[in-house]
Amino acid sequence: MDWNAIWNTIWSMNTLMIILDFLFIFFAKIIEVSIGTLRNILVVKGYRKVAVILALVEIMIWVFVASQVITGLAEKPYKGIAYGLGFAAGVYVGSILEEKLAFGKILIQVITSEESGQIITQALREKGLGVTTMKAQGKEEKRQVLMIYANRRGSKDISKDILAIDPTAMIVQNDISSMTGGHMPKANSLLK
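One point on numbering: in this note's numbering, the residue at position 120 of the sequence shown is 123, and numbering is uninterrupted.
I should point out that these hints are in silico values taken from the structure, not numbers from a laboratory. As the structure is a computational prediction, the values presented were derived from the model and not from experiment. Honestly, I wouldn't trust all of these hints.
[Said to hold, decoys possible] Lysine-lysine pairs mimicking DSSO-like chemistry, simulated, CA-CA at most 30 Å apart:
#1 Lys103 <-> Lys159
#2 Lys145 <-> Lys159
#3 Lys52 <-> Lys103
#4 Lys138 <-> Lys159
#5 Lys138 <-> Lys108
#6 Lys48 <-> Lys159
#7 Lys159 <-> Lys108
#8 Lys138 <-> Lys163
#9 Lys48 <-> Lys163
#10 Lys130 <-> Lys103
#11 Lys130 <-> Lys108
#12 Lys130 <-> Lys48
#13 Lys103 <-> Lys145
Based on the sequences and whatever the hints tell you, model everything.
Here's what the structure looks like:
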């Protein structure tokens with residue numbers, strides 16, 4: 004009987020199980036926390052139906068992962084490390100997902116010259132965006148303030164279009180929690 008070969012086999016299988024256990028906890032926690040981040044954002048944005056479905060998936064993952072970690076944590080402390088690292092990575096991944104999905108509506112406010120304001124207004128209206136204009140007085144000259152209501156997902160393109168016309172324009176973006184009336188581009192339906 005070759006005890007060395009038996010020991011190496013047991014040790015390598017044990018090591019493989021530890022690695023797989025660690026990776027399972029780590030990636031499951033990333034998924035769970037990312038789902039939780041998205042769920043919270045969806046609740047705030049008013050997408051309740053999707054948020055409820057995500058909450059169900061999130062808590063099911065949490066129950067299985069937490070039970071894996073709690074069971075035998077004293078003998079296998081790497082489970083706690085995997086859980087903590089997965090949580091931190093999940094927060095990061097969730098924030099990236101939220102940025103990429105870009106849920107909701109925004110109000111873009113632009114302060115520009117009167118001449119550029121007219122050109123920007125015409126260009127954005129041709130793209131189907133609602134633009135409200137107001138005359139304003141800057142420190143040294145008359146200005147124009149534009150208010151554009153848009154889907155958050157397209158905000159970077161809108162800013163690029165504005166800056167292509169007036170590179171000195173001041174652009175401010177704010178999330179909209181609610182809005183009634185006015186001209187608004189069609190929303191992306193997400194079971195709201």
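Each hint tested on the structure:
{"no.": "1", "hint": "Lys103 <-> Lys159", "in the structure": "12 Å, holds"}
{"no.": "2", "hint": "Lys145 <-> Lys159", "in the structure": "27 Å, holds"}
{"no.": "3", "hint": "Lys52 <-> Lys103", "in the structure": "21 Å, holds"}
{"no.": "4", "hint": "Lys138 <-> Lys159", "in the structure": "25 Å, holds"}
{"no.": "5", "hint": "Lys138 <-> Lys108", "in the structure": "24 Å, holds"}
{"no.": "6", "hint": "Lys48 <-> Lys159", "in the structure": "20 Å, holds"}
{"no.": "7", "hint": "Lys159 <-> Lys108", "in the structure": "13 Å, holds"}
{"no.": "8", "hint": "Lys138 <-> Lys163", "in the structure": "23 Å, holds"}
{"no.": "9", "hint": "Lys48 <-> Lys163", "in the structure": "25 Å, holds"}
{"no.": "10", "hint": "Lys130 <-> Lys103", "in the structure": "22 Å, holds"}
{"no.": "11", "hint": "Lys130 <-> Lys108", "in the structure": "17 Å, holds"}
{"no.": "12", "hint": "Lys130 <-> Lys48", "in the structure": "25 Å, holds"}
{"no.": "13", "hint": "Lys103 <-> Lys145", "in the structure": "37 Å, violated"}
Violated hint: 13 only; the structure is consistent with all others.
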